[in-house]
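Colleague: What follows is the residue order along each chain.
4 protein chains.
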Amino acid sequence: MERKLRMGMVGGGIGSFIGPVHRIAASIDNKIELVSGAFSSSKEKSFLSGKNLYLNPDRIYSDYIEMFSKEQHIHSDNRIDFVSIVTPNNSHYEIIMKALDSGFHVVCDKPMTFNSQQAIEVEKKVNETKKLFCLTHNYTGYPMVKEAKDIIAKNQLGNIRKIVVEYPQGWLATKVENNAPVWRTNPKIAGISSCIGDIGTHCENLVEYITGLQIVELCADLSSFVEDRELDDDGSVLLRFNNGAKGILWASQIAVGQENGLNIRIFGEFASIAWRQENPNYLQIDYLDKPREIRTAASSFVGEISMNSTRIPAGHPEGFLEAFANVYKNFANELSDLISGEKLPVHKEYDYPKVQDGVRGMKFLEAVVKSSDNRNQWVKIS
Amino acid sequence: MERKLRMGMVGGGIGSFIGPVHRIAASIDNKIELVSGAFSSSKEKSFLSGKNLYLNPDRIYSDYIEMFSKEQHIHSDNRIDFVSIVTPNNSHYEIIMKALDSGFHVVCDKPMTFNSQQAIEVEKKVNETKKLFCLTHNYTGYPMVKEAKDIIAKNQLGNIRKIVVEYPQGWLATKVENNAPVWRTNPKIAGISSCIGDIGTHCENLVEYITGLQIVELCADLSSFVEDRELDDDGSVLLRFNNGAKGILWASQIAVGQENGLNIRIFGEFASIAWRQENPNYLQIDYLDKPREIRTAASSFVGEISMNSTRIPAGHPEGFLEAFANVYKNFANELSDLISGEKLPVHKEYDYPKVQDGVRGMKFLEAVVKSSDNRNQWVKIS
Amino acid sequence: MERKLRMGMVGGGIGSFIGPVHRIAASIDNKIELVSGAFSSSKEKSFLSGKNLYLNPDRIYSDYIEMFSKEQHIHSDNRIDFVSIVTPNNSHYEIIMKALDSGFHVVCDKPMTFNSQQAIEVEKKVNETKKLFCLTHNYTGYPMVKEAKDIIAKNQLGNIRKIVVEYPQGWLATKVENNAPVWRTNPKIAGISSCIGDIGTHCENLVEYITGLQIVELCADLSSFVEDRELDDDGSVLLRFNNGAKGILWASQIAVGQENGLNIRIFGEFASIAWRQENPNYLQIDYLDKPREIRTAASSFVGEISMNSTRIPAGHPEGFLEAFANVYKNFANELSDLISGEKLPVHKEYDYPKVQDGVRGMKFLEAVVKSSDNRNQWVKIS
Amino acid sequence: MERKLRMGMVGGGIGSFIGPVHRIAASIDNKIELVSGAFSSSKEKSFLSGKNLYLNPDRIYSDYIEMFSKEQHIHSDNRIDFVSIVTPNNSHYEIIMKALDSGFHVVCDKPMTFNSQQAIEVEKKVNETKKLFCLTHNYTGYPMVKEAKDIIAKNQLGNIRKIVVEYPQGWLATKVENNAPVWRTNPKIAGISSCIGDIGTHCENLVEYITGLQIVELCADLSSFVEDRELDDDGSVLLRFNNGAKGILWASQIAVGQENGLNIRIFGEFASIAWRQENPNYLQIDYLDKPREIRTAASSFVGEISMNSTRIPAGHPEGFLEAFANVYKNFANELSDLISGEKLPVHKEYDYPKVQDGVRGMKFLEAVVKSSDNRNQWVKIS
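Chains as they are written, first to last, in our numbering: chain A, 465 to 846; chain C, 465 to 846; chain L, 465 to 846; chain E, 465 to 846.
In isolation and in its complexed conformation, chain A is listed as follows:
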């Protein structure tokens, strides 16, 4: 590409946590520039947000409808290439559909939609419009997650037998809703689940990404430990995979003292791997026939895929933002190639979460809630 890709953002105005994350992630590799946005449902806040970002005031909009409509008529030398959607869950569907219909490629924060029906419609729309769609399941962007995936793809674990994935947090251990509105626990905004919807789906996505397996059946037990909370703040799920592997997935928002303890262990016939999000530059591998091994990101002992996902030498930690940036980078690579007419070799694929991941996530989530609601019976995922 002779130029940077041009991004427009919906949501992410002043006070947002995830907006700046997306902007930093998009900018780190110098392939994308933010040129326009509708940053808030408040017109004033949107303009102030855009001004703080040094945007051209002509490209700051009152809402996404205005934004898409006006951007469509900007000359292609200047028009945004794609939209980044960082609003709460309940608004994703309409914005995505409109963006795709308006001819823009889309990056969207997870979860993709409010329910699986919407997810399926989004998938259909993506297929129809042939636009690129990226869902920012950011944890798959970590270099050592990619190393894990690579190791498994090379069959170095043999048949996978058991998987344990967990994501404990503690920020909802008390009735924080008393102090400030928390949309994660508000069913009108968050949907049918808080804990599993927000972080359980990260577990699901991480497992399926690394292993290439699919969850086919599950038994879930959700809880709301804090009084008067409308949605789950904790959940435990037994899993069965399409290769016969068994698994456990648990997530919690009431695990006092836990920050973002996403953690996965995968046990195969010949070897096992373990990875922790909070110390992400290490991958532990155990073997039947040799001692435990610790591989470090960017070292000469990791594969090409992982190596290409790091920017600095081994021993200089990269973190959450860089992992998030890898999602944007790989999306940007495909979009650049699409625009410039280049192609990856047939056997390769652009490595970022796509619309199918969003559909899987919503189906998983609905199965979990169905199981838990239905006296914790086993439920199949279609």
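These aren't lab readings, by the way, just hints derived from the structure by calculation.
A hint or two may mislead.
[As the list claims (entries may be wrong)] Lysine-lysine pairs mimicking DSS-like chemistry, simulated, CA-CA at most 27 angstroms apart:
id: 1; chain 1: C; residue 1: K468; chain 2: E; residue 2: K507
id: 2; chain 1: A; residue 1: K834; chain 2: C; residue 2: K844
id: 3; chain 1: C; residue 1: K754; chain 2: A; residue 2: K639
id: 4; chain 1: L; residue 1: K495; chain 2: A; residue 2: K495
id: 5; chain 1: L; residue 1: K639; chain 2: A; residue 2: K507
id: 6; chain 1: C; residue 1: K468; chain 2: E; residue 2: K495
id: 7; chain 1: E; residue 1: K754; chain 2: L; residue 2: K639
id: 8; chain 1: C; residue 1: K495; chain 2: E; residue 2: K515
id: 9; chain 1: E; residue 1: K834; chain 2: L; residue 2: K834
id: 10; chain 1: A; residue 1: K468; chain 2: L; residue 2: K754
id: 11; chain 1: A; residue 1: K639; chain 2: C; residue 2: K495
id: 12; chain 1: C; residue 1: K639; chain 2: A; residue 2: K618
id: 13; chain 1: L; residue 1: K495; chain 2: A; residue 2: K509
id: 14; chain 1: C; residue 1: K507; chain 2: E; residue 2: K468
id: 15; chain 1: A; residue 1: K509; chain 2: L; residue 2: K468
id: 16; chain 1: C; residue 1: K827; chain 2: C; residue 2: K562
id: 17; chain 1: E; residue 1: K754; chain 2: A; residue 2: K754
id: 18; chain 1: E; residue 1: K618; chain 2: C; residue 2: K468
id: 19; chain 1: A; residue 1: K495; chain 2: L; residue 2: K834
id: 20; chain 1: E; residue 1: K468; chain 2: C; residue 2: K495
id: 21; chain 1: C; residue 1: K754; chain 2: L; residue 2: K468
id: 22; chain 1: C; residue 1: K834; chain 2: A; residue 2: K834
id: 23; chain 1: C; residue 1: K807; chain 2: E; residue 2: K515
id: 24; chain 1: A; residue 1: K534; chain 2: A; residue 2: K495
id: 25; chain 1: L; residue 1: K515; chain 2: A; residue 2: K468
Given chain A, work out where chains C, L and E should sit, using these hints.
Modeller: Below, chains C, L and E without anything else, positioned relative to chain A:
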């Protein structure tokens, strides 16, 4: 006591793993001496074993029946005070019953019996004979496990909400039965379960010991991953506790590279604790209102109960054998007091696993197998 | 500021490791934009590098002399505000002096100069020109390093007694010079030292930054373990500080398997702290009167200074690039305030490494080499 | 051997820390029994101590002179084989000399003597009397220390270049002498050094044991940080080894929060190893050409020597007492063989610290103090 307690051992002859463990554990605190034994079902092996232990040949026996019978007729100045039973699971019941009937106190390796029916009968016999009974659920002997129990007893966690306990091992990841007989996977010796019977019950006992809670309902999914294996080598269990807490218990013998990864995390309203058997001298505590804390065994920051369970200053690690010795030490304290007519203050109790723990373990195990066999339905524990 | 600060870069063209690091660090907080550069001593490479960065070709220069000269004549609405110098050690002095004389503020990679004489002249020039000068001793940018400094500034350690700081690397454990030129071990480019000059000075800077103390005397033992290497690849130094504290500083480039193991431990009268660069989001604090504490970056348990140096919630690791970005951010804050005429409250200071740090570093380095060359005698630092 | 070895103890009465450690260590492997003792300089306390240990009152003595004299006249079927000396430093010399002259083999707590002159005389006496002498430098008993030694003996590190060994403790960080007498800081009992004498010598012994190298020159800086303390409570030492390796040794008793942080890292041409006493069952190995490896005690990945020094399967931690027991075990093996006339194969040796280690330790200690007293000049060790 003016003298050491006298122990007779059943099982634990040449080649045994657990026999030497019991003997070391019994001897470390210099309160118990081994004076007699029936160490093997082979008379020759029993005698050779006893000789290697420098026992008086008159006190080495061909089998436990002879042993109990002859020891009964030895003068009380010399007779054994108690029997330590370290044979495989399937023989425990008969030996225990005979020992109690012969007037001896009993220490028995876990699991206590072959099934819950036997367990209940043992409990009844213990109550009838008024003999002491100690079940060596050794992990409860670790000082920082006792510290955890103490912290919870003082209500420093508030209401307990979520518990995750696990015990991964990897030694049965391949068909080791091809090389040598493995009684753990032989239903005739091990009973209805291998993985949950051997190590899942440790999880159950540890949870109930530390928290004082009881598991009241569970949903289990057991597997035999290695071909032609007759019993489970992996299991995952969802738990519900009598206070409303939820939990996960999993154990595995096919987790490649795992040694004895017993690990427990308990999340309460105000604080959480985490402990790992493989690095047992540390206890991690998280709080709502202050940073993570790491307490170390024998430091000035642990409570009296934990402190009394250590022998050397902080920073000099004590391990598995010392934890095991704590079980024997506390049993010996009660037995000494019983013999000498001393009494603990009313409000205290001698801290070691007793016959009720054995009954709980068997009921738990049977519930797990029942759930798994019955299409993974939820099962209540009486 | 109504606009981003404009940066011109000297060095950092295609193939450079540190150039991209500076560019990412400068851009992460959206306060600085790269607008011009002389990226290489090769004109062609400079232009290709600038083009890859999507720069306006008019602002890509053949060398820094042309760059400074032409940029001086660009209108102040568009002219660069400061120069970022990322060339090898031996060229820093001339570029810095020229940049300051041309009226530009300066950010410079460390070490600042080739020797202390040059360093003193740079300091004089900075004082004369009243331009800002930032030396990118990036490790001081880590949030938990700032937390450590803050804790000590609040006297929570009491009088500091003992400091141990180390920086082991392993990349020069073999004769890598056989495969490719390595300027770090070439005295014409690196100066009088490789190991201590490159990474030992990071230790020195980190210690003095965190503690506010100064090294006043030292005894050093440098080695070149790899055959025919002209400069040191390992060094150990005993330290004495101006408050009477004692210390050890060691660094190595031949420590097989070590990546960037920068690690500092500071022992005071009442408490001690420990921090590790490879897992930088944790700070361990030990106390006389309570258990070990682990503080995590961005948690509610860290102070304001540390908190202001993080971008994302606790448990989402930030790394090397974000720490580096903190140096640029704090420099940018001062420069913005200078340009816009704003002022910090008198009692505060802009927290980034300045020219004095560069002078200290060169004096330290020369003292180390002098000690080692002079039969490892003790040497005072003026 | 047809019988256990018979041990008599000097020192270690009621209230002693190290006495029980020696008794447990001696007893764990069931090769040694305590049969007599002079446990205290107070006759009453000695008798009470012996009674608490269930000893035959005839074998409890008022002092070591009486003990040696009377034991010499006991029939060889019952007489002690060896003496274990666990008194403070200043009394070792006389007791050792007397024990050897009385025909007893000796185990002695470290440091061996009060000064190197005494050490040399002990060495001469051991050689004259041909009695066995064991110095309980217990840290060399850890299985993974033996694994490290084994790895180096097999030249898997190549030429050793750099060694860093440290032993921080914090128990003397305050003026604890105000509350109770502390013989470690009393020059009349402890000798010329507290910190280096007590724990620095453990570092020296560990380094020389693992590597097989000798320290030939050093430069030391000792401090007494706590007011009015007569001996050092902290020390840092630069080391040079007989193969050209460089090293750092530091120890401290004022490192707040540290317990027994003995820690060693050894960097060779091809590989490096790291071991920590507080988590002793792991050995970290780094290689030039493959990822970091973690070996665990008793696993199938450790060598025969290490394996023979463990008692229970991998993942069940052994600790300080078991390591200490390995010293006694290996001493007992040699003594048993000596008594029974058996011989090890010529190429093997009994692996425990001997009189030469004691001489080395005293020479090292004197060199450290000499260097520190003499304006921190370099001092050679003969």
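Colleague: All the hints need checking, so say for each whether the structure fits it.
Modeller: Here is how each hint holds up against the structure:
1. Restraint check: the Cα-Cα separation between K468/C and K507/E comes to about 24 angstroms, which is no more than 27 angstroms; the hinted pair holds.
2. Annotation: proposed proximity of K834/A to K844/C holds, straight-line Cα distance about 22 angstroms (limit 27 angstroms).
3. Taking the CA atoms of K754/C and K639/A, the gap is near 18 angstroms; set against the 27 angstroms cutoff, the hint holds.
4. For the hint linking K495/L to K495/A, the alpha-carbon distance of about 18 angstroms falls within 27 angstroms, and the restraint holds.
5. As the CA atoms of K639/L and K507/A are separated by approximately 63 angstroms, the hinted pair breaks the 27 angstroms bound.
6. The suggested pairing of K468/C with K495/E holds, with an alpha-carbon distance near 19 angstroms, which does not exceed 27 angstroms.
7. Pair hint K754/E plus K639/L holds up; C-alpha atoms about 18 angstroms apart against a cutoff of 27 angstroms.
8. With a C-alpha separation of about 13 angstroms, the suggested pairing of K495/C with K515/E holds against the 27 angstroms cut-off.
9. Only pairs whose Cα atoms come within 27 angstroms are accepted, and K834/E paired with K834/L is accepted, the gap being roughly 24 angstroms.
10. For a cut-off of 27 angstroms, the pair hint linking K468/A to K754/L is broken: about 54 angstroms separates their Cα positions.
11. For the suggested pair K639/A and K495/C, the alpha carbons sit about 52 angstroms apart, so the restraint of at most 27 angstroms is broken.
12. For a cut-off of 27 angstroms, the pair hint linking K639/C to K618/A stands: about 24 angstroms separates their Cα positions.
13. Restraint check: the Cα-Cα separation between K495/L and K509/A comes to about 20 angstroms, which is no more than 27 angstroms; the hinted pair holds.
14. Proximity of K507/C to K468/E is assessed by CA-CA distance (about 24 angstroms); at most 27 angstroms being required, the pair is judged to hold.
15. Between K509/A and K468/L the CA atoms are separated by roughly 20 angstroms; this keeps the pair inside 27 angstroms, and the hint holds.
16. Between the alpha carbons of K827/C and K562/C the distance comes to roughly 23 angstroms, so the proposed pair stays at or under 27 angstroms and holds.
17. Taken as a hint, the K754/E and K754/A pair is honoured in the structure, with Cα atoms around 12 angstroms apart against an allowance of 27 angstroms.
18. At roughly 47 angstroms between alpha-carbon atoms, K618/E and K468/C are farther apart than 27 angstroms, so this suggested pair is violated.
19. Between K495/A and K834/L, the direct Cα distance comes to roughly 48 angstroms. Violation of the 27 angstroms bound is thereby established for this hinted pair.
20. Distance restraint check for K468/E and K495/C: the Cα-Cα separation of roughly 19 angstroms lies within the 27 angstroms cut-off, and the hinted pair is therefore satisfied.
21. For the proposed pair K754/C and K468/L, the alpha carbon gap of about 39 angstroms is over 27 angstroms, so the pair is violated.
22. Of the supplied pair hints, the one linking K834/C and K834/A holds, its CA atoms being roughly 24 angstroms apart against a limit of 27 angstroms.
23. For the suggested pair K807/C and K515/E, the alpha carbons sit about 23 angstroms apart, so the restraint of at most 27 angstroms is met.
24. Distance restraint check for K534/A and K495/A: the Cα-Cα separation of roughly 24 angstroms lies within the 27 angstroms cut-off, and the hinted pair is therefore satisfied.
25. Taking the CA atoms of K515/L and K468/A, the gap is about 11 angstroms. The hint holds against a cut of 27 angstroms.
The structure fails hints 5, 10, 11, 18, 19 and 21 (numbered hints given earlier, in ascending order).
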